Amino acid sequence: MQKRINIQNKRARFEYEILDKYVAGIVLTGTEIKSIRLSKARITDSFCEFNDNGELFAINMFIEEYLYGNAYNHKPKSSRKLLLNKKELKKLNKEVNNAGLTIIPLKMFLTDKGYAKLEIGLCKGKKLYDKRQTIKDRDNKISLDRIKKSY
Numbered sequence: 001m002q003k004r005i006n007i008q009n010k011r012a013r014f015e016y017e018i019l020d021k022y023v024a025g026i027v028l029t030g031t032e033i034k035s036i037r038l039s040k041a042r043i044t045d046s047f048c049e050f051n052d053n054g055e056l057f058a059i060n061m062f063i064e065e066y067l068y069g070n071a072y073n074h075k076p077k078s079s080r081k082l083l084l085n086k087k088e089l090k091k092l093n094k095e096v097n098n099a100g101l102t103i104i105p106l107k108m109f110l111t112d113k114g115y116a117k118l119e120i121g122l123c124k125g126k127k128l129y130d131k132r133q134t135i136k137d138r139d140n141k142i143s144l145d146r147i148k149k150s151y
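Just so you know, the sequence shown maps onto residues 1 to 151 in UniProt numbering.
Fair warning: there could be bad hints in the mix.
Said to hold, decoys possible - Computed list of lysine-lysine pairs in DSS-like fashion (alpha-carbon distance at most 30 Å, straight line):
1) Lys131 / Lys94
2) Lys127 / Lys113
3) Lys126 / Lys113
4) Lys21 / Lys75
Said to hold, decoys possible - Here are the computed distance ranges between Cβ atoms for each label pair:
5) Lys124 / Leu144: 24 to 32 Å
6) Asp139 / Leu67: 19 to 27 Å
7) Asn85 / Ser143: 41 to 49 Å
8) Lys77 / Lys117: 18 to 26 Å
9) Leu67 / Ser143: 41 to 49 Å
10) Asn97 / Arg4: 31 to 39 Å
In short, the hints are calculated from the structure, not lab data. Quick caveat: nothing in here was measured; it's all calculated off a predicted structure. Cβ coordinates follow ideal geometry from the N, Cα and C atoms, glycine included.
Let the hints inform the model, and build the full structure from the sequences given.
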């Protein structure tokens, strides 16, 4: 049994309002998937973008070089193609172009078969006062949990 890989982008939930979620496959090379299995990846600074052919790419995703990889090792910050259905791609492209929304990676995980998947979210940026409200709500929830625990 292999260990569970669950790489999250916690910053995205604070900075963006998530409107819709999708699960996409990632096109990877051999050393990239080996590094992901060792949890040597970060998706905090990454975002997704369409190219001219209508394909979706994850930009700025950092996957550390594989320790035992030789001359065939990968580049740590290259753009990686995401695999979605054609209907989903068209819908996302339309939303991004018309409504001015962004596509942000939320979580990277491995399936039971060993495939790496990326959960992406169609997001809208939060304003500063929205972020303050999020902090206030979180603090209220923590204080309520403390009160409940004491009884």
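Is it true that leucine 67 and serine 143 lie within 41 to 49 Å of each other by Cβ? holds, 45 Å
Is the straight-line distance between the alpha-carbon of lysine 131 and that of lysine 94 30 Å or less? Holds, at about 27 Å.
Taking the CB of lysine 124 and the CB of leucine 144, does the distance hold inside 24 to 32 Å? holds, 28 Å
Next pair to validate is lysine 126 with lysine 113; report whether the Cα-Cα distance is within 30 Å. Not OK: lysine 126 and lysine 113 at ~36 Å, beyond 30 Å, violated.
Outcome of range test on Cβ distance (asparagine 85, serine 143; 41 to 49 Å): holds, 44 Å
Arginine 4 and asparagine 97 - C-beta distance against the hinted 31 to 39 Å: holds, 36 Å
Has the hinted range 18 to 26 Å been met by the Cβ atoms of lysine 77 and lysine 117? Between lysine 77 and lysine 117, where Cβ atoms are some 20 Å apart, the hint holds.
Does the Cβ distance between aspartate 139 and leucine 67 fall inside 19 to 27 Å? violated, 41 Å
Within a Cα-Cα threshold of 30 Å, do lysine 21 and lysine 75 meet the stated pairing? Holds, at roughly 28 Å.
So if I understand the rule, the pair passes when the alpha-carbon distance is 30 Å or less; does lysine 127 with lysine 113 pass? violated, 40 Å
Checked against the numbered hints given earlier, this structure breaks hints 2, 3, 6; the rest are met.
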